[in-house]
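J.: Residue numbers (the working numbering), protein chains in the order written: chain D, 1 to 87; chain A, 1 to 132.
If you're looking for bench data, these hints aren't it; they were derived computationally from the structure. Be careful, since some hints might not be right.
[Claimed, not checked] Facing chain A, a subset of chain D residues (Cβ under 7 angstroms, in silico): (1) Leu-9; (2) Val-60; (3) Asp-62.
[As the list claims (entries may be wrong)] With a Cα cut of at most 20 angstroms, we get these calculated EDC-like pairs of lysine to aspartate or glutamate: (4) A:Lys-114 x D:Glu-53; (5) A:Lys-122 x D:Asp-45; (6) A:Lys-114 x D:Asp-45; (7) A:Lys-122 x A:Glu-104; (8) A:Lys-111 x D:Glu-56; (9) A:Lys-122 x A:Asp-98.
Here the structure is a predicted model, which means the values were calculated and not measured. In this text, a Cβ means the ideal position worked out from N, Cα and C, and glycines have one as well.
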Amino acid sequence: MKPQYKRFLEGHAKALRAKCDVPPFGRLDPFELARRMEMRVLMLDESCGVPSELCERLLVTDSRAWSAGTLNLPNGSKLVVMNRYHP
Amino acid sequence: MLSTTPQKRISVLIKAKRRENDLGVRAAAAESGVSAATLSRLERGVLQNLPDTGTLTKLAHWLGVSLNNLLASGGKIRGDKGPVTTTPEVVEVHLRADKNLSLETADALAKMFKVLYDNAAKGRTTGTGNRR
């Protein structure tokens with residue numbers, strides 16, 4: 001990793017911690033960060049409106065193939081979909 | 001009818017477009033914005049993997065088809081409304097281009113994102129969240 005990119009990431013991490021009122025070396029809760037950024041986080045299951053066979057495919061057959069994904073929604077917000085069965 | 005893999009479908013469409021407009025490879029490349037080398041390989045069907053999203057988008061636009069129809073793996077082009085590039089279509093292209101995902105997994109994930117996107121568009125807010 002290039003030093004300038006590392007510095008950029010460290011600066012960005014510092015800014016995100018400040019946004020969540022977390023001290024520079026404190027644990028940053030990603031769910032709290034998502035809430036503050038007004039991003040919705042879903043655990044994939046049938047209550048999301050996804051057909052059961054598709055849920056089964058993604059949570060059983062392909063559960064190791066993906067961990068999460070982010071989707072830009074029509075209203076401009078972002079939705080994070082997580083796979084609770086990913087190791 | 002174009003009942004083939006996406007690579008074959010793309011090959012057939014490029015050939016047809018070039019023939020229809022009497023275009024050489026270089027002229028087609030200039031029109032489409034895709035390099036002549038890539039266009040030629042796509043037309044000959046020698047690429048095992050699909051090109052990157054940017055190339056596919058340019059190609060779809062030039063061919064006058066949507067990304068969905070360009071990448072459809074079977075059946076004929078039905079009711080194509082042109083190069084519509086919606087968020088779910090772009091997501092699908094990215095997933096299909098991911099070499100770490102099988103085509104079946106990429107398709108399943110694309111379907112999931114499409115359902116969630118469509119539900120959000122209809123104002124349906126369902127699911128488990130925001131906490132683990």
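J.: Among the hints numbered above, which are violated by the structure, and what are their numbers in rising order?
T.: 1, 2, 7 and 9
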